[in-house]
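Construct the complete structure from the given sequences, taking the supplied hints into account.
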Amino acid sequence: RKEVEQDPGPFNVPEGATVAFNCTYSNSASQSFFWYRQDCRKEPKLLMSVYSSGNEDGRFTAQLNRASQYISLLIRDSKLSDSATYLCVVGFSGNTPLVFGKGTRLSVIA
Amino acid sequence: DGGITQSPKYLFRKEGQNVTLSCEQNLNHDAMYWYRQDPGQGLRLIYYSQIVNDFQKGDIAEGYSVSREKKESFPLTVTSAQKNPTAFYLCASSPVRNTEAFFGQGTRLTVV
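Going down the list, the sequences are from chains A and B.
For the first sequence, our numbering begins at 74 and goes up steadily by one.
For the second sequence, our numbering begins at 1300 and goes up steadily by one.
These are computed hints drawn from the structure, not numbers from a lab.
The beta-carbon is built from N, C-alpha and C at its ideal position, and this holds for glycine as well.
Keep in mind that the hints are not guaranteed to be accurate.
Claimed, not checked - BS3-like, lysine-lysine: derived pairs with alpha carbons at most 25 Å apart:
id	chain 1	residue 1	chain 2	residue 2
1	B	1313	A	118
2	A	175	B	1308
3	A	175	A	152
4	B	1313	B	1382
Claimed, not checked - Some chain B residues flagged as far from chain A (calculated, every beta-carbon gap over 10 Å):
id	residue
5	1306
6	1316
7	1328
8	1342
9	1352
10	1355
11	1362
12	1368
13	1369
14	1370
15	1380
16	1387
17	1393
18	1396
Printed below as a string of C-alpha cells:
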C-alpha cells in the first residue's frame, strides 16, 4: 500500500519563528517528492520539488532521507503569509499517480 | 496564458441530477486527474488519465464517470449514484505521470 503520512497540526507559531514539518512515506520504491501549499478554499500550488541532495528556495529548505523514508520542510523567519496547509506529495513507481498526504496546517501569529 | 481552467467555480444541483464539471488545459500535458476534497480533509483521487482515450479509476470512482476524447479536456460527470456529492472538486494535469501536477481553481459542487 502506498501511503504518505503527515502530522495534521495545527502548528501555531509566532512571526519570525522557524518551523519544521516531517512527512513519512510507506514504499521505498518512490521516485519523486514535492511539497505543495494550499490556502483555505483554494487549489494546491507547488511550493518546491525535493531532491536527494536537499534543496533551498529562500526561506524554505526541503530534505529527503530515503533510508528512513521521510521528507522534511523547514521554514525560517515565518511570515503571516506563510499560514496555509502544507501537503507532502510522493510519486511511487508503478502505474499510480502522485499520492498526497492529508496536509499539515500552519498558522503564523503576529 | 497557459494553465488549467475549471468551470464553473460554483455549482448547485438538485439531488438525483447528473452534473458535468469541465476541465481544460493548454499546457500540452499528457496526464490529467480528478480529485475530491471534503472540508478539513485531504485530496482523494477519483479518476486519472495518462493518454487520450484511456483512463483509470482512482480510490473513490463509484458514482463518477469521465472521458478523455481530447488531450486538452477531461470532464467529470457526477452521477445520481454518488451518495454524497457535495464537495470541492479539483482537476490537475502533469507532463507525464509522477512529475509535478498543476491544479485548476476547483469547482465547489453543492447538491441540495
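Going down the list of hints, with the structure as the test:
For the suggested pair residue 1313(B) and residue 118(A), the alpha carbons sit about 31 Å apart, so the restraint of at most 25 Å is broken. Restraint check for residue 175(A) and residue 1308(B): the C-alpha separation of about 23 Å stays at or below 25 Å, so the hint holds. This hinted pair checks out: residue 175(A) and residue 152(A) have alpha carbons roughly 23 Å apart, not beyond 25 Å. Between the alpha carbons of residue 1313(B) and residue 1382(B) the distance comes to roughly 13 Å, so the proposed pair stays at or under 25 Å and holds.
For residue 1306(B), the requirement that its beta carbon stay farther than 10 Å from each beta carbon of chain A is met, with the minimum near 14 Å. For residue 1316(B), the condition that its CB be more than 10 Å from all CB atoms of chain A holds, with the nearest at approximately 24 Å. Even its closest Cβ contact with chain A, about 12 Å, leaves residue 1328(B) beyond 10 Å, as expected for a residue assigned away from the interface. Interface exclusion of residue 1342(B) from chain A breaks down, the closest Cβ pair being 5 Å apart, not more than 10 Å.
Annotated as non-interface, residue 1352(B) keeps its C-beta farther than 10 Å from every C-beta of chain A; the closest such distance is 17 Å. Chain A draws residue 1355(B) into its interface by the beta-carbon criterion, the shortest separation being 8 Å against a cut-off of 10 Å. The beta carbon of residue 1362(B) sits about 20 Å from the closest Cβ of chain A, which is more than 10 Å, so the claim that it is off the interface holds. Every Cβ of chain A is farther than 10 Å from the Cβ of residue 1368(B); the closest lies at roughly 20 Å, confirming the non-interface assignment.
Residue placement check: residue 1369(B) keeps its beta carbon more than 10 Å from all beta carbons of chain A (closest about 20 Å). At roughly 17 Å, the least C-beta separation between residue 1370(B) and chain A is larger than 10 Å, which holds for a residue marked as non-interface. No beta-carbon of chain A is positioned within 10 Å of the beta-carbon of residue 1380(B); the least distance is around 23 Å. A Cβ of chain A approaches the Cβ of residue 1387(B) within 10 Å, the least distance being about 8 Å, so the stated non-interface status is violated.
In this structure residue 1393(B) is not separated from chain A by more than 10 Å, as the shortest Cβ-Cβ distance comes to only about 8 Å. The claim that residue 1396(B) lies off the interface is violated: its Cβ sits roughly 6 Å from the closest Cβ of chain A, which falls inside the 10 Å cut-off.
Violated hints for the displayed structure, listed by number in ascending order: 1, 8, 10, 16, 17 and 18.
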